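Colleague: Go ahead and model the full structure; you've got the sequences and the hints to work with.
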Amino acid sequence: MALPTTLLIAIERLRRDHYTLLRHYRGLHAPIIDIGLIDSAIQQVALDRIAFAKEFVASATDMLAGSPDEMDFRNATSRGYYAVHHTLRAVLLFDLRADTYGHSEAISDFLKRMKDDPALKTKADVAGINQTTLKDLLLNRQLADYHYYGSSNPSEPKVEFASIGPQAVHFADEIVVQMEEYLQDRIAGKY
2 MALPTTLLIA IERLRRDHYT LLRHYRGLHA PIIDIGLIDS AIQQVALDRI AFAKEFVASA
62 TDMLAGSPDE MDFRNATSRG YYAVHHTLRA VLLFDLRADT YGHSEAISDF LKRMKDDPAL
122 KTKADVAGIN QTTLKDLLLN RQLADYHYYG SSNPSEPKVE FASIGPQAVH FADEIVVQME
182 EYLQDRIAGK Y
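Mapping the sequence shown onto this note's numbering, position 181 (from 1) lands on 182, and the numbers just tick up by one.
Derived by calculation from the structure, the hints in this document are not laboratory data. Don't take each hint at face value.
Restricting the straight-line Cα-Cα distance to at most 20 Å, the calculated cross-link-like pairs of lysine-lysine (PhoX-like) are [stated by the list, open to error]:
#1 K136 - K159
#2 K113 - K136
#3 K116 - K136
#4 K116 - K191
#5 K122 - K136
#6 K191 - K122
Derived CB-CB ranges, DEER-like [to be verified]:
#7 Y102 - G129: 31 to 41 Å
#8 E71 - A120: 34 to 44 Å
#9 A3 - T133: 38 to 48 Å
#10 P158 - T123: 17 to 27 Å
If you're wondering where the values come from, they're calculated on a predicted model, not measured in any experiment. Note that CB positions come from ideal geometry on N, CA and C, so glycine has one too.
Modeller: Listed below in structure tokens is the structure:
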């Protein structure tokens, strides 16, 4: 059954207390709230975010084909970051039944979730996810998008996007692959 787009959009912005309230409200008014439908929508949105992340990786890969210039490397860095951002949000939405929208918040919440879930930590370790790699990717995205000179501090060297861009895309691809496997295993009830 295709879920209504309006429901999927609402699920994208689900906050932590909302899901709990829906479950409680269902207990009071069972015919009004179908928690199974809400859970299906959460699963669909999480998988759609993974698909979206794959599109960012594909776009970033295309930018690096041929003879990329400085802007292609910058854009690939940025697209790689956004692939990771949407992937982290997919996992958090599915696992926590809540969306984490902000960039630093998504990283922080994901790292906390890794500590609480050994299966997630295993997949994240394979992908090379840790606080440093995520924060560095976010910083490089900000430098690529906002700082013409490749640095936000005069005492720091310029970021070499010709090196950073391909690394960001490779890292993003690995994260998307590992986190998609994690979500598919969770959906299948493996853990």
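Colleague: State for each hint whether it applies.
Modeller: Tested hints:
1. Straight-line distance between C-alpha atoms of K136 and K159 comes to about 17 Å, which keeps the hinted pair within the 20 Å bound.
2. For the suggested pair K113 and K136, the alpha carbons sit about 14 Å apart, so the restraint of at most 20 Å is met.
3. At most 20 Å may separate the alpha-carbon atoms for a hinted pair to count; K116 and K136 meet this at roughly 17 Å.
4. For the proposed pair K116 and K191, the alpha carbon gap of about 19 Å is at most 20 Å, so the pair holds.
5. At most 20 Å may separate the alpha-carbon atoms for a hinted pair to count; K122 and K136 meet this at roughly 17 Å.
6. A C-alpha spacing of about 15 Å is found between K191 and K122, which places the hinted pair at or below 20 Å, so the restraint holds.
7. At about 24 Å, the CB distance of Y102 to G129 disagrees with the hint of 31 to 41 Å.
8. For E71 and A120, the hinted distance range of 34 to 44 Å is satisfied, since their beta carbons lie about 40 Å from each other.
9. In this structure the hint that A3 and T133 lie 38 to 48 Å apart at CB holds, the actual value being about 41 Å.
10. Range check, P158 to T123: Cβ separation about 35 Å, and the 17 to 27 Å hint is violated.
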